[in-house]
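Participant: We have chain W already, so just place chain C on it with the hints.
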Amino acid sequence: MSTDLKTGVEIARPSVEVVGDLCEFKDSRIEGIIQQSIARNEKRAHFYDRVATVTVWTLSIIGLGILAFIIFVILYRGIATALTPGFIFGKPQALKEGGGIWPMIVSSFYLALLTIAIVLPLGVGAAVYLTEFSREGRITRLVRFGADSLSTVPSVVFGIFGMVLFVIYFGLGYSLLAGAFTLALLNMPTVMRTTEEAIKAVPHSYREACLSLGASRWETAKKIVLPSAMPGITTGVVLTVGRIVGESAAVLYTVGLFVRKVPVSPLQPAAPMAANIWHMYTEGALVSDWMRVANGEAAFLLLVVLVLNLGARLIARIYQKRLGMVS
Amino acid sequence: MQGVIDREWIVKKTLFTLAMITVLGIVLLIFFVARESIPAFTEAGPVNLFSATWNPGNGQYGMLVFLTGTLATTAGGLLLGTPLAIGSALFLTQMAPRRARSIMTRGVELLAGVPSIVLGWLGFTIMVPWIRSATGSTGTGILAASIILAIMVIPTITTISKDALEAVPESHLQAAYAMGATRWQTIRRVLLPAAKPGLLVAVILGMGRAIGETMAVALVIGPASVFPKSLTSPTHTLTTKILIEMGESTGVQRSSLFAMGLVLLLLSMLLILLVRLVSRQKETMR
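Protein chains in written order, with this note's numbering: chain W, 54 to 380; chain C, 99 to 384.
Just chain W, same shape as in the assembly (with noise of 0.2 Å):
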């Protein structure tokens, strides 16, 4: 091929060639030029991936890190005063040292039994309506707007809310029930969307197979929905539970955060851990100890969200296995 470079008469066919086949080119200072130019363009990208790369496994250890920190630092100093009986199962002090936590300990799990009691049937009814008994439209767009709206309130709104219209209003005083009332419409959104999302997660065939046989809506999801829905349910429910042992902004104002005594009914004032912790820092001085008490508190707090959160995974696991065998 006799290519004249210069006049670009032949240009069109040999650069096709040089794309499949740079040897096609005679001139050798081009061919060179191209392949330097190839091969720096090469790389420098493979350069840029590289400290890409590096970049990103660096943020996400510094990630993994700064966890592994947390948890390291809050278990290391209070675990040695949390694991023992005398601190779970002690009386609280408000004027000596030696306080105790247990009743904290059952003013947050008391709290979280009396919440879920109030948010399960209302998440999951709500659930069930926007996934079984209506179509999307005006109304499934409000509920939704209604959830996400209340999902980003803040939760120190939410605690005022619920002091002016439980503990104030309603009159139930700071109690159990009125923080719970709170936290109750704070998780509903949360429960709700993990109850929807493990109701889609059924197969449509288990609906139209039971309708077939004559069934109703309600006894669909009654029977079959909903059963089938349960490890979805329950993982979202553990973790809830989680949610609510945590919160403490919501739980200052409507439910209070220092008792001496085990709370018994649900209409009487209670100190969750998390509300603990906060009293501790503001009046805690008043003790001696209260570095200690708020350390052991904070670790045993950690160690309960812990362990709910992984066994939350791991009732999905054994649901799932369980699953897996029948089907």
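Don't take each hint at face value.
In silico DSSO-like links for lysine-lysine, alpha-carbon gap of 27 Å or less [claimed, not checked]: (1) C:Lys111 x W:Lys275; (2) W:Lys374 x W:Lys275; (3) W:Lys276 x C:Lys327; (4) W:Lys276 x W:Lys144; (5) W:Lys253 x C:Lys110; (6) W:Lys276 x C:Lys294; (7) W:Lys149 x W:Lys314; (8) W:Lys149 x W:Lys253; (9) W:Lys253 x W:Lys276; (10) C:Lys110 x W:Lys275; (11) W:Lys275 x W:Lys253; (12) W:Lys253 x C:Lys111; (13) W:Lys374 x W:Lys276.
Rather than coming from a laboratory, the hints here were simulated on the basis of the structure.
Facilitator: Just chain C, lined up with the frame of chain W:
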């Protein structure tokens, strides 16, 4: 037969009522917080409420300092947290070997579960003393709060941006790889542009988390009700001011705290609208 239909009707209406509780809840929330803040608007007036001086003894109820504190700590938290979070999301979806991915996923979940009071306690007992000895200040302030908030927004942003990255069709990435693009070229030129609206939503929701965070910030930021002189001098945010003063305030002062709550509510509603806007744009783009 009639009985069955009636029961269905009752069940449907009951479930509908339960679903509407989300709407009722947010309406009640806005109503009661707004109602409690009326005295602040009528007796102190909006000019006073949005001024820069908080001095209830003198009849001054300005929330500008706290609004600034909220915005500054949120910006700081996002600035520090977003790179970590999006990096982690890229790691999870593009780079991590299987084993590392499951560790990372579990880690993000655990971090999301750490109670904010525990993080705040850690910040108060470890980070604040570090900053204090490094700078010679009180150690509390915007910097400490930003670091804590960065940790708090990481799980939110990571989880949502991971979903956004996973929503990009695998074929798009494969096309880029087939043309000889490196992994980073594929991420930068194909993956990130395609996932951009989703990533934006992730950051906005992270912002919501940061604006509303109370306990973790309360332990590391104050106490002072003036503009901070530096990143390491004490101040307050809207949430921490409400938290600390609600218990011991009455009258107009209490009411102006509710007004701050109202501002927080409006801010978070604004974010929801923003998210909706971005998501709608995402849909029209496809």
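Participant: Work down the list of hints and note, for each, if the structure agrees.
Facilitator: Evaluation of the provided hints:
no.	hint	verdict
1	C:Lys111 x W:Lys275	holds (16 Å)
2	W:Lys374 x W:Lys275	holds (23 Å)
3	W:Lys276 x C:Lys327	violated (63 Å)
4	W:Lys276 x W:Lys144	violated (46 Å)
5	W:Lys253 x C:Lys110	holds (19 Å)
6	W:Lys276 x C:Lys294	violated (42 Å)
7	W:Lys149 x W:Lys314	holds (16 Å)
8	W:Lys149 x W:Lys253	violated (55 Å)
9	W:Lys253 x W:Lys276	holds (16 Å)
10	C:Lys110 x W:Lys275	holds (13 Å)
11	W:Lys275 x W:Lys253	holds (15 Å)
12	W:Lys253 x C:Lys111	holds (21 Å)
13	W:Lys374 x W:Lys276	holds (21 Å)
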